[in-house]
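S.K.: In case you want the letters, here they are:
2 protein chains.
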Amino acid sequence: MKATGVVVEYNPFHNGHYYHLQESRNVTQADCVIAVMSGNFLQRGEPALLSKWKRTKMALLGGADLVIELPYAYATSYAPRFAFGSIFLLQAAGADSFCFGSESGDVSVFHETLDLVNSQDQDFQAYVSEFIAQGLSYPTAAARAFEQLKRPLPLDLSKPNNILGFEYIRASRELGSAIQPFTIKRKNANYHDVLLGKGDIASATAIREAVFSHDIEKAASYIPDYTSNILKVEKKEKGTLMSWERLYPLLRYQLLSSSPSEINKFYEIEEGLEFRMIEAMKEAEDFQSFMSRLKTKRYTWTRLQRACLHVLNKIQKEDMHQILDAPPKYLRVLGMTETGREYLSSVKKSLELPLVTTVSKHDFEGLKMEAKTSLVYAQGAVLNGSLAEKEEYNTPPVMIK
Amino acid sequence: MKATGVVVEYNPFHNGHYYHLQESRNVTQADCVIAVMSGNFLQRGEPALLSKWKRTKMALLGGADLVIELPYAYATSYAPRFAFGSIFLLQAAGADSFCFGSESGDVSVFHETLDLVNSQDQDFQAYVSEFIAQGLSYPTAAARAFEQLKRPLPLDLSKPNNILGFEYIRASRELGSAIQPFTIKRKNANYHDVLLGKGDIASATAIREAVFSHDIEKAASYIPDYTSNILKVEKKEKGTLMSWERLYPLLRYQLLSSSPSEINKFYEIEEGLEFRMIEAMKEAEDFQSFMSRLKTKRYTWTRLQRACLHVLNKIQKEDMHQILDAPPKYLRVLGMTETGREYLSSVKKSLELPLVTTVSKHDFEGLKMEAKTSLVYAQGAVLNGSLAEKEEYNTPPVMIK
Numbered sequence: 010m011k012a013t014g015v016v017v018e019y020n021p022f023h024n025g026h027y028y029h030l031q032e033s034r035n036v037t038q039a040d041c042v043i044a045v046m047s048g049n050f051l052q053r054g055e056p057a058l059l060s061k062w063k064r065t066k067m068a069l070l071g072g073a074d075l076v077i078e079l080p081y082a083y084a085t086s087y088a089p090r091f092a093f094g095s096i097f098l099l100q101a102a103g104a105d106s107f108c109f110g111s112e113s114g115d116v117s118v119f120h121e122t123l124d125l126v127n128s129q130d131q132d133f134q135a136y137v138s139e140f141i142a143q144g145l146s147y148p149t150a151a152a153r154a155f156e157q158l159k160r161p162l163p164l165d166l167s168k169p170n171n172i173l174g175f176e177y178i179r180a181s182r183e184l185g186s187a188i189q190p191f192t193i194k195r196k197n198a199n200y201h202d203v204l205l206g207k208g209d210i211a212s213a214t215a216i217r218e219a220v221f222s223h224d225i226e227k228a229a230s231y232i233p234d235y236t237s238n239i240l241k242v243e244k245k246e247k248g249t250l251m252s253w254e255r256l257y258p259l260l261r262y263q264l265l266s267s268s269p270s271e272i273n274k275f276y277e278i279e280e281g282l283e284f285r286m287i288e289a290m291k292e293a294e295d296f297q298s299f300m301s302r303l304k305t306k307r308y309t310w311t312r313l314q315r316a317c318l319h320v321l322n323k324i325q326k327e328d329m330h331q332i333l334d335a336p337p338k339y340l341r342v343l344g345m346t347e348t349g350r351e352y353l354s355s356v357k358k359s360l361e362l363p364l365v366t367t368v369s370k371h372d373f374e375g376l377k378m379e380a381k382t383s384l385v386y387a388q389g390a391v392l393n394g395s396l397a398e399k400e401e402y403n404t405p406p407v408m409i410k
Numbered sequence: 010m011k012a013t014g015v016v017v018e019y020n021p022f023h024n025g026h027y028y029h030l031q032e033s034r035n036v037t038q039a040d041c042v043i044a045v046m047s048g049n050f051l052q053r054g055e056p057a058l059l060s061k062w063k064r065t066k067m068a069l070l071g072g073a074d075l076v077i078e079l080p081y082a083y084a085t086s087y088a089p090r091f092a093f094g095s096i097f098l099l100q101a102a103g104a105d106s107f108c109f110g111s112e113s114g115d116v117s118v119f120h121e122t123l124d125l126v127n128s129q130d131q132d133f134q135a136y137v138s139e140f141i142a143q144g145l146s147y148p149t150a151a152a153r154a155f156e157q158l159k160r161p162l163p164l165d166l167s168k169p170n171n172i173l174g175f176e177y178i179r180a181s182r183e184l185g186s187a188i189q190p191f192t193i194k195r196k197n198a199n200y201h202d203v204l205l206g207k208g209d210i211a212s213a214t215a216i217r218e219a220v221f222s223h224d225i226e227k228a229a230s231y232i233p234d235y236t237s238n239i240l241k242v243e244k245k246e247k248g249t250l251m252s253w254e255r256l257y258p259l260l261r262y263q264l265l266s267s268s269p270s271e272i273n274k275f276y277e278i279e280e281g282l283e284f285r286m287i288e289a290m291k292e293a294e295d296f297q298s299f300m301s302r303l304k305t306k307r308y309t310w311t312r313l314q315r316a317c318l319h320v321l322n323k324i325q326k327e328d329m330h331q332i333l334d335a336p337p338k339y340l341r342v343l344g345m346t347e348t349g350r351e352y353l354s355s356v357k358k359s360l361e362l363p364l365v366t367t368v369s370k371h372d373f374e375g376l377k378m379e380a381k382t383s384l385v386y387a388q389g390a391v392l393n394g395s396l397a398e399k400e401e402y403n404t405p406p407v408m409i410k
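First to last, the sequence lines map onto chains A and B. All residue numbers in the first sequence are consecutive under the numbering used here, ending with 410. All residue numbers in the second sequence are consecutive under the numbering used here, ending with 410.
The hints are all genuine.
If several chains are the same, the list does not tell them apart, and a pair holds so long as it fits within one copy or across any two.
List of simulated lysine to any residue pairs, SDA-like, C-alpha gap at most 20 Å:
#1 LYS11 - GLN38
#2 LYS381 - ILE287
#3 LYS377 - PHE284
#4 LYS357 - GLU347
#5 LYS196 - ASN171
#6 LYS358 - ASP105
#7 LYS168 - SER117
#8 LYS244 - THR214
#9 LYS168 - HIS120
#10 LYS326 - PRO269
#11 LYS381 - PRO269
#12 LYS194 - GLU112
#13 LYS326 - SER270
#14 LYS245 - PHE221
#15 LYS227 - GLY248
If you're looking for bench data, these hints aren't it; they were derived computationally from the structure.
Model the full assembly from the supplied sequences, consistent with the hints where possible.
M.R.: Given below as structure tokens:
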């Protein structure tokens with residue numbers, strides 16, 4: 010069986026994602042679509058508004074055949090790590106190709122850009138190093154360096170989606186893998202679009218805005234019925250969808266009951282950020298106000314949110330390094346369709362990583378981190394997290410026939 | 010000016026407390042009544058249902074002239090430590106005497122009991138050591154030893170209030186102080202009475218039951234009007250009074266995001282209690298259910314609740330030992346009447362400990378622990394604890410004219 014891979018967050022699953030899944034299958038002629046999906050916490054340093062299990066269900070209903078969890082350490086990391094972990098897992102799961110959305114829809118542009126970046130001289134490298142030292146990401150630093158050198162770059166590396174695409178290509182080359190990159194032209198939505206109303210595809214950001222501030226009905230034409238239903242059930246059962254605001258009391262408790270040196274042990278807490286966090290917490294009644302007090306030019310909003318996640322989840326520097334020092338060690342199956350199950354049976358013997366379907370049967374550090382962060386997520390969602398505890402350890406993968 | 014001292018928690022202040030204050034003044038012929046009062050957390054390992062500031066106000070309205078805070082380390086400790094810290098502070102504040110409630114109303118019974126305990130032979134000591142090793146407190150172990158030896162003891166040392174009285178006397182002798190003990194016969198209420206309706210005095214336990222499960226009006230005849238009003242305002246402003254149930258989500262988050270070895274660092278976590286806590290937390294949706302799962306013969310309910318407090322407040326063994334290794338180092342004034350102010354002026358120069366009225370001006374470890382635990386208390390009370398932060402650092406003592 011031929012398999013292609015996609016890298017996703019589905020926060021929440023919308024029509025654009027549906028289109029991406031269908032097109033990925035068409036373009037790559039795959040029998041099976043494998044989605045590597047973030048768990049409960051996302052790359053922008055936020056909790057997903059629905060748990061990994063509900064998002065897995067949407068993914069399977071929307072056209073994915075197999076959902077593999079991107080471990081917390083990668084899912085909440087900067088773009089190169091996020092991309093490396095994702096492509097590594099797709100390759101490990103036996104995908105022949107992967108397919109991502111882009112503005113251009115032309116994968117050669119990404120290759121050319123990467124070639125160009127790799128072939129640059131010392132002047133370029135000096136600029137890049139300088140910009141990275143200023144806190145910019147590698148692609149943004151590269152883009153700025155090109156600007157400085159007044160050389161034309163085929164891809165605008167200041168856009169988040171282009172950065173990710175660039176990093177996927179870079180990761181696949183780094184892995185020296187036979188996995189073939191494809192890209193599909195995005196339809197009708199930019200990542201940061203906040204207004205709805207552009208046909209039947211809107212960005213996830215715009216959909217989240219609509220879902221939180223108005224009624225789920227307002228977003229109904231941009232999301233499949235199952236997304237709409239799952240959101241409604243969640244809102245009814247838990248009062249509201251998950252957000253940083255729900256977790257802020259726990260973050261605040263963590264900050265007020267810890268010493269600066271304890272906070273400094275957490276991942277991504279550097280250069281006295283612990284003191285800024287403690288000061289900001291004292292005055293801030295909600296997460297938005299906390300973040301506004303924390304924000305400086307030095308750090309991006311996303312970088313700060315990720316640091317907050319690691320404090321919330323009590324992820325120490327050494328714990329994170331231990332996991333990130335080597336590629337992912339397992340393939341954790343969150344769900345599958347009948348096709349996904351058939352696919353797994355067909356490749357099972359040739360897979361180099363162990364397949365994890367029940368967490369309690371394995372002892373990987375990465376899975377322990379998953380269990381721990383899932384409990385924190387659940388504790389924010391409801392006062393009783395016991396259900397989630399059982400979910401993490403005992404739930405079999407979601408099966409859709 | 011002549012001063013007497015009382016050791017109190019006022020959770021909440023009721024008619025029995027009022028009677029105790031008036032009688033203490035009469036019996037000792039004091040011009041000034043000094044109350045050493047626990048802060049936000051109490052000896053039974055519970056949060057006070059009202060903050061220290063509101064309880065100070067009730068104390069002053071009820072007849073105390075000066076309220077001194079019993080530091081967290083002593084306030085949440087077992088009876089001998091609690092008593093030692095309290096009597097030490099009363100002596101340091103210049104009290105000539107102290108006065109506690111008891112069933113017998115006869116202080117000589119306490120002296121005789123202590124003499125008898127101190128004069129016992131090796132057989133007795135062997136029994137005591139054995140019972141202490143089984144987890145009993147010293148007075149209870151002593152009481153059991155007397156039982157075993159079939160010797161009559163003038164005081165029933167199995168009753169909580171007798172234990173405290175016994176420990177007050179023991180502490181005052183240990184301190185070799187001139188401070189003179191008095192006791193007043195309690196009226197009409199046993200500590201564990203849960204039913205109201207015995208005249209105008211009921212136990213604090215019974216009053217808390219009434220206040221939580223019914224209406225504050227039900228307790229109205231057992232508490233002064235100001236207690237009633239303060240309780241009503243609190244219930245209106247915060248929805249409910251403080252209890253372990255409000256703090257449980259934070260305790261649970263602490264337990265689920267920490268490793269067993271991290272939890273083991275906290276004070277009173279011994280003999281694998283950290284593992285029992287983690288297991289109990291997984292299944293328990295509320296604090297009562299958590300405690301029921303945690304409870305074994307080995308530990309008393311109170312001992313376990315105190316251990317929970319130290320986990321909640323992240324009080325490490327070494328932090329606690331650092332404070333408990335020496336007597337209290339300061340006198341923290343929570344409030345005073347005009348009489349209290351005059352008294353302080355008259356003794357100020359002869360006091361051996363510094364008077365603390367504004368926490369931010371001092372740097373004692375004990376005060377840092379107070380600030381930290383106050384923030385945790387406030388975070389449980391309201392999602393926004395910033396007010397409490399300012400309260401702890403900047404509030405001047407409560408003044409009642």
